[in-house]
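**Student:** Take a look at the letters that make up each chain.
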Amino acid sequence: MDNLRYHSVVSTIIAQKLHTTMVPRPFLSSCVDDCLARGTDLANGGAHYNVGPVLTGIGLAVVANSLAVIKKLVFEDKVTTLAELDAAMNADWQGYEDLRAKALAVPKYGNDDDYVDAIARDIANFYYEKTRAHKDIFGSNFNSAFMGISNYIPTGRVVGATPCGRNAGKPITEGVSPFAGSDVVSPLAAMRSSAKMNHDVHTGGTLLNLRLSEDLVKTQKGKRDLGNIIRAYFSLGAFHVQFNTLSNEVLRKAQKHPEDYKDLLVRVAGYSTQFVNLSPEMQEAVIARTAHETI
Amino acid sequence: MNCTGKGILMQMQDYSIHDGDGVRTTIFLAGCPLRCKWCANPESQTMTSKLIYHQHKCVGCGKCAAACPKHLTPTTMPRPSMDCDVCGVCTKVCAVKALEVSCIEYDTVQVLTRIKRDALFFRFTGGGVTFSGGEPFLQQEFLRMLVSNMYDAGINMWIETCGYFDFDAVRDIIERLDHVFLDIKHMDSATHEQYTGVGNTCILGNAIKIHDLGIPVTVRIPSIPGVNLTGENIAATALFMKEHMPKADIELLPYHELGKAKYIALGNETGFTSFPVPTGDEIKRAYAILETYGIPITEYR
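Those protein sequence lines, which keep their order, are chains P and W. Position in the first sequence (first residue = 1) + 37 = this note's numbering. Position in the second sequence (first residue = 1) + 193 = this note's numbering.
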């Protein structure tokens, strides 16, 4: 991870340098304090406050879940070896179904289980410390974040199988959200998992995506409860949460009859869009996010 | 205090939003003195551990049979089985969670630890704990210990009861509760006995006694057309409430057939009796009758 972070910093700084000569932003600069007075473009550090670049981590939950599997199955229970796990990864779990079942049974981030949540917290802290240590060409510190928007889908396409039980090419995870479908306890447990991290230091933002059954917000009581749940989550020091509140039934209907559902907005990650405009793969990813049904 | 400190639960469910004010954690205590023919949670009727098998999840890998210390085949054996101790070994080797054990022993500390964790969400949403079942008053000592600890911790507590219990034995528990949901399943005692196994005299008496303690009461009717969702029974319930429980409100719970899957998973498909599901209009008509008697209607939705 440190190596990746290093290369990201180097490439960001190269991009910044290129921007100083190739990508001026005259209109935006005219809207930001001091650029006009100094006659200096944003890209050249003309702003009163030059906020440093944001490096956003993607796949936090996949990494935490995978390290938890290695910790438990290889080092604690000794039911497998790193070599066997490696072979299973290369085979995309084909022929290793038993091992995969064991991997899937190891605690997953998003269920308020310290075993794996503590790993996620350690990774997040490490990522912050390493990222924040760098300065950009104007002397501003880099900012860490976990808010990968929709990057987790294309990124997943080039990532092989992971020890958490995920298959090659499948989406990884965005922001501080649990792996799709693995937060099986309740949205409150997912919130508690996320809140174990120190959100304050990730100045680029920490996004939590949850999907709720639509009947949570259908009634006045449901809306009031949702608002109060968000207040409770923020009281734990969290930064952001967003919800999709659609039933899978509706989304499946929309896949079959897109012409009837052109208005159907879904919050994807940091933005909302028409469900029918998403790629089939993205539609599946939205559906796969655990729908927390109430009983 | 003579407390066992242990009890049998089906489960604890956080993020319950239909069981009272705010966001609640529902504690399902096992065991029930009634045998309602429409029961949607047959696993809750007794406190014994039960092996549950979800056939639609099963991939037929045979690991459960291979792991069974008694050499049984959990997927095909009749359940409940005289030979099966419900040790749960098969549920642990099942990769697809097709097998599970219902009715598990918890101690007070386990329950209170969970509740402490959820308390933040209670505080912000005006929620708390709802005791449900089964019939929560059946495991009296365990309930008493939970209630007295939560009372001291300032946790808001509601209960869902069938009303069939010895009032004097649990009066101290009721006095510490914030709200009681009480089922009045039928106003005619003989019909009540026909469908639930017991008459309603004790239940109606307890309804009045709880109401007279000053604890807010919501009467609930598991509403089934032709059984208790009839003009006659709804009017009789309204009259009883008007006369004896003037401060209580009412909520109708429409019968549903979701329980059928549970009977099948328990290996007791023949135990399931199908009743007609009420339409929205039938529920509306019943509420209209209740309104004419001035009974306040509440829906926790």
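These aren't lab readings, by the way, just hints derived from the structure by calculation. Glycine included, each C-beta is placed from N, C-alpha and C at the ideal position. A hint or two may mislead.
[To be verified] Listed next, the stretches of chain W that the computed footprint assigns to chain P, with coverage defined by at least 3 CB atoms under 8 Å from CB atoms of chain P: (1) 431-440; (2) 460-471.
[Stated by the list, open to error] Derived SDA-like pairs: lysine to any residue, alpha-carbon spacing no greater than 25 Å straight-line: (3) W:Lys-250 <-> P:Ala-142; (4) W:Lys-309 <-> P:Gly-176; (5) W:Lys-402 <-> W:Gly-392.
**Student:** Against this structure, judge whether each hint is valid.
**Tutor:** Right, here's what the structure says about each hint:
1. 431-440: With 0 residues closer than 8 Å to chain P, the segment 431-440 of chain W misses the three-residue bar; violated.
2. 460-471: Not satisfied, violated; 0 residues make the cut.
3. W:Lys-250 <-> P:Ala-142: holds (16 Å)
4. W:Lys-309 <-> P:Gly-176: violated (46 Å)
5. W:Lys-402 <-> W:Gly-392: holds (17 Å)
Taken one by one, the earlier hints fail for this structure at numbers 1, 2 and 4, listed in ascending order.
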